[in-house]
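Undergrad: Listed below, chain by chain, are the residues.
Number of protein chains: 4
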Amino acid sequence: MGNITTVKVRYKETDQMGVVYYGNYFTWFEVGRNEFFRKLKSSYEELEVENILLPVIKTGCEYLVPAKFDDEICIDTQLVKLKGVRIELRYKIYREKDNTLLAKGFTEHVFVDKNLKPINFRKKHKDIWNELQGMIE
Amino acid sequence: MGNITTVKVRYKETDQMGVVYYGNYFTWFEVGRNEFFRKLKSSYEELEVENILLPVIKTGCEYLVPAKFDDEICIDTQLVKLKGVRIELRYKIYREKDNTLLAKGFTEHVFVDKNLKPINFRKKHKDIWNELQGMIE
Amino acid sequence: MGNITTVKVRYKETDQMGVVYYGNYFTWFEVGRNEFFRKLKSSYEELEVENILLPVIKTGCEYLVPAKFDDEICIDTQLVKLKGVRIELRYKIYREKDNTLLAKGFTEHVFVDKNLKPINFRKKHKDIWNELQGMIE
Amino acid sequence: MGNITTVKVRYKETDQMGVVYYGNYFTWFEVGRNEFFRKLKSSYEELEVENILLPVIKTGCEYLVPAKFDDEICIDTQLVKLKGVRIELRYKIYREKDNTLLAKGFTEHVFVDKNLKPINFRKKHKDIWNELQGMIE
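Protein chains in written order, with our numbering: chain G, 273 to 409; chain R, 273 to 409; chain W, 273 to 409; chain H, 273 to 409.
In short, the hints are calculated from the structure, not lab data.
Take these hints with a grain of salt, some might be off.
A pair holds if it fits inside one copy or across any two, identical chains being indistinguishable in the list.
As the list claims (entries may be wrong) - 20 angstroms max Cα-Cα, derived EDC-like pairs, lysine to aspartate or glutamate:
no., residue 1, residue 2
1, Lys330, Glu380
2, Lys311, Asp399
3, Lys355, Glu334
4, Lys280, Asp342
5, Lys389, Glu334
6, Lys340, Glu318
7, Lys386, Glu318
8, Lys386, Asp342
9, Lys330, Asp370
10, Lys311, Asp343
11, Lys395, Asp348
12, Lys340, Glu322
13, Lys330, Glu360
14, Lys389, Glu320
15, Lys313, Asp348
All chains should be built: construct the whole structure from the sequences, respecting the hints.
TA: Here you go:
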């Protein structure tokens with residue numbers, strides 16, 4: 273059980289196939305990821321003040337059942353790996369009304385500073401690192 | 273006759289009505305606008321080096337005929353007003369194959385620096401100002 | 273006082289100016305609009321079953337203060353005009369934490385069937401029409 | 273050597289990190305994919321008339337160097353697998369001016385009809401199948 277965020281499918285997110293465009297699931301992953309970090313107990317603002325960023329270096333998604341306009345969507349975000357300068361999260365996308373799994377995916381990130389240079393996150397932000405460590409599933 | 277740029281409608285840009293989503297025309301306006309500025313004879317790089325930005329303060333669009341997937345689209349960009357810290361451009365969106373007018377719109381901008389503070393563009397960038405002045409239609 | 277919907281600014285919605293891209297406000301208008309129609313007492317499903325669509329024929333937006341990543345946004349949707357085959361809505365976009373008005377805009381729509389042919393909505397869907405009529409501000 | 277399509281990075285496609293948002297690379301894959309199919313010698317219109325669609329069932333992307341606003345981008349699309357009801361394409365995203373590889377990815381698709389039911393493409397569209405077969409790399 274990770275961290276659940278809900279969104280409602282927007283008309284904008286559909287395409288002429290009548291379902292959500294495949295590239296838009298990555299926006300939902302991002303929404304889930306941000307909520308995940310927002311809910312940390314340690315000072316996340318500390319990261320923002322220092323302009324720590326988490327660019328994606330690898331991502332992927334499998335599509336099982338298409339999401340449709342107006343569907344309530346649950347984004348289940350899990351931390352699965354954390355080492356050195358890297359972090360990996362996994363996502364499951366559910367349709368809320370019947371709990372159907374629609375898609376699943378992952379993102380791998382590297383911790384960088386505002387100049388997009390990798391930083392040793394473990395060393396620089398020990399409190400957050402430790403909290404994250406305890407959340408790995 | 274303004275400045276013509278062409279784009280091809282992407283699947284991503286359609287919605288489940290089978291036509292281009294209304295909000296995506298503003299991206300085409302932006303594409304036309306950037307090409308418009310790129311083609312200036314005076315040093316546009318000068319603006320970039322100094323981080324001059326042109327945030328939109330007002331925009332609008334009228335939709336006449338829906339654009340569809342794979343349509344070749346012509347964006348006709350015209351400069352219509354230039355004064356003090358402001359500039360206004362107009363756009364016409366045509367379907368290339370039969371020259372049908374699909375939509376028309378405008379954007380009003382203010383010249384700002386990288387801190388989003390308005391600047392007196394006329395004074396600071398006289399050459400570009402003069403060139404723009406000669407292009408008003 | 274219209275109908276309030278809230279959204280949180282997504283990273284995807286920002287651009288390199290560090291604020292929400294101007295074209296993305298139209299997606300928020302759409303979100304507000306759909307919630308507005310969802311909350312009607314008369315059977316909105318009736319419209320969906322019959323594939324009544326509301327393509328936008330005109331829109332506009334004024335930008336006052338830029339929305340930023342992670343801002344909680346309130347979309348205030350009001351019905352302002354309803355006649356024959358047309359309907360007009362107005363939107364106000366507020367930042368929730370300090371109630372600052374960020375932008376305001378409108379959309380004009382025409383009622384069409386699934387073949388995008390205009391329909392006389394007043395005649396065909398009297399109940400919904402009457403309810404909408406009572407909501408004009 | 274696959275099939276090359278070029279696009280120019282739009283302001284819309286950037287995010288506040290100052291680079292192209294990770295989810296937008298999938299739109300470029302789609303652009304490359306459509307051009308790939310457009311260039312087939314056999315009648316692609318035949319597919320459209322019969323409403324053959326190619327929904328994505330799996331995708332992934334690795335990001336090497338960030339694409340930036342106004343970059344000219346080359347999308348290199350290759351067909352790598354074709355069997356039964358499935359097809360897989362690979363994409364390489366280059367920055368045109370210095371031929372730097374920015375990202376690489378893939379999409380797996382299933383051939384379906386307009387009701388999103390899988391179809392035996394090999395059997396139903398032998399000509400196109402054969403042409404595709406000869407293009408596998």
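Undergrad: Run the structure past the numbered hints and jot down the numbers of the failing ones, going up.
TA: Numbers 9 and 11 - these are the hints that the structure violates, sorted from lowest upward.
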